[in-house]
Each structure stands twice: as structure tokens, then as C-alpha cells.
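J.: Just need the whole structure built from these sequences, with the hints factored in.
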Amino acid sequence: MSDNHNLLAEQRRALILDEVRRRGGVRVNELTRRLNVSDMTVRRDLDALARQGVIEKVHGGAVPVAEASTHEPGFEAKSSLELNAKEDIARAAAAMAVPGSAIALSGGTTTYALAHHLVDVPDLTVVTNSVRVADVFHTEQRATTTAGQRPGAATVVLTGGVRTPSDSLVGPVADQAIRSLHFDVLFLGVHGISVEAGLSTPNLAEAETNRRFVRSARRVVVVADHTKWGTVGLSSFARLEEVDTLVTDAGLPAEAREEIAEHLTHLVVAGETAEAGEAAAPQR
Numbered sequence: 001m002s003d004n005h006n007l008l009a010e011q012r013r014a015l016i017l018d019e020v021r022r023r024g025g026v027r028v029n030e031l032t033r034r035l036n037v038s039d040m041t042v043r044r045d046l047d048a049l050a051r052q053g054v055i056e057k058v059h060g061g062a063v064p065v066a067e068a069s070t071h072e073p074g075f076e077a078k079s080s081l082e083l084n085a086k087e088d089i090a091r092a093a094a095a096m097a098v099p100g101s102a103i104a105l106s107g108g109t110t111t112y113a114l115a116h117h118l119v120d121v122p123d124l125t126v127v128t129n130s131v132r133v134a135d136v137f138h139t140e141q142r143a144t145t146t147a148g149q150r151p152g153a154a155t156v157v158l159t160g161g162v163r164t165p166s167d168s169l170v171g172p173v174a175d176q177a178i179r180s181l182h183f184d185v186l187f188l189g190v191h192g193i194s195v196e197a198g199l200s201t202p203n204l205a206e207a208e209t210n211r212r213f214v215r216s217a218r219r220v221v222v223v224a225d226h227t228k229w230g231t232v233g234l235s236s237f238a239r240l241e242e243v244d245t246l247v248t249d250a251g252l253p254a255e256a257r258e259e260i261a262e263h264l265t266h267l268v269v270a271g272e273t274a275e276a277g278e279a280a281a282p283q284r
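All letters in the sequence shown, in the order written, are residues 1 to 284 by our numbering.
Wrong hints could be hidden among the right ones.
[Said to hold, decoys possible] Using C-beta positions, here's what the derived DEER-type ranges look like:
(1) G152 / R215: 45 to 53 Å
(2) P172 / P64: 30 to 38 Å
(3) R51 / A95: 47 to 55 Å
(4) R179 / E258: 17 to 25 Å
(5) V157 / A95: 29 to 37 Å
(6) P165 / H59: 25 to 33 Å
(7) V63 / A261: 31 to 39 Å
(8) L35 / P64: 35 to 43 Å
Because the hints were derived from the structure by calculation, they are not lab data.
Every residue gets a Cβ at the ideal spot worked out from N, C-alpha and C, and that includes glycine.
T.: So this is what it looks like as C-alpha cells:
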């Protein structure tokens, strides 16, 4: 199976999942007409999404899975969802990284997408608790030089800690490392974001590590696609008021944007015109 075919399948499954969540369920025959693919292709897509634990197959179609607040999907399960949105968000967020600055990247598939755009920003110092993010910089540096570090290459610090299902390193070792550092900007991925719960995660240890990240950063930039809005994990680790900028995608509904505007100074909707005053990021 070619890479192009794989990408098309991932995009198709992301569309199916979005439709299931939006409508509360879909039928196979509806999907075949909308996507212009065969019945067998749709059923394979539903099988794949069911294996990831994000939908439940029923006779003739599928319905969403009501996730428990403690459920934490693995990195691979999340990486195939909302691909276009994550790419748009990554491009918009990368523009906020200043050459020569010290930045932090938390774990997650959106920060992983962002890392691919940050490798070209010169002289960054990058602190991350994501094994995947660190690998992006390592692979890029290995590919572009045969004799040591290339000029302008990032200095990458990977915290220690206990590995989560999403390939983040958390716990006391990670917390201690982050506590002693100071970042110009934190790019933070989240499991869920809401007015009531703020930023949340199903993993208690990850919540504490994220708290340390937030406390050590002068600016906090949350990178989260529209499906994260309204999701609540077991443990909250920051209030919306502690976030300087939310970078999301055009799928965020108008009513959600209005709610967010009441609590955040800066909302960046990737792919749309920047909001007035967005460039004047607040200082902590």
C-alpha cells in the first residue's frame, strides 16, 4: 500500500469520525455516498476506527464511544485523527517561535506535528517530555549533517520520567527537571479544554508535569484542534486564564469561539484571518 493511499485512508477515517461525533451516529450507506467509495472500504475504515476505540460498530453503521474521563488513547490511535487540522495548527504555531529562544513542547500528536515545522527555526533551545518530539529533531539533525551539529541546529533537552500511552515522560523525575528551567514560550498539547475544567488530561502524573511546564513559562500557547473543545479529562492542570494564546482550526464552532473570547486574550484560528491585537502577546 503506497504512502498516498495511506494518507487518503487516514483523511477519510478522520472525516468519518468527525461525522459520527457530530451526528451521534452514521450508516454505512450514507458514508459510501458521501465519500464515493465502496461499501467494503467504509467497513474497513469502521473496523480500523473501532480498533482505535473511538467508535462502536452497530448493525449498519457506527456510533461514538462515550469515553471515560480516565481513558487515555495511545499515540498511534490519536496520530491518524484530524490530520489536516493539526497540520494547519502546527504551521500557525511555528510562526510564534523566535530564533534563539528557549521553548518547551509537551507531549501529544499536535506538538509532534509542530516539531516538524520548528526544525528550521535557528538556534532554538527545546525542552520536551515527548520522546516523539525529541526524535523529530534528532532525525532532522542526523539527516542534514555528517560531521557534528549543523549551524543553527536546535539544542534539545529530553526530560526523564515514566512513559505514558501517548509517549510522554511524566512523574517526579520530569517534574524536578522542569521546575529548575525557564521558557520563553510553552507549546502545550491537551487532551481536553473547557470553560469549567480548563485544561485537563486523564493521566494524573501528566497533569502534574503539565502544571510544572505552565509555571515555568513566560507565555503559554495551547495547540488543540476543535474536537478537544468540551472534552474533560480526570485531572485539570490549568485555568483558561493561564493561557496566553489558543491555536485551533476552522472546525471550532462560532459559539465556542464566543465562549473562549470571554476567557482568553488571543485566539488564533489556523487558516483564517488573524484576529486584531493578536500580535501583542501578553508578558508574564
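J.: Flag every earlier hint the structure violates by its number, smallest first.
T.: 1, 3, 4, 5, 8
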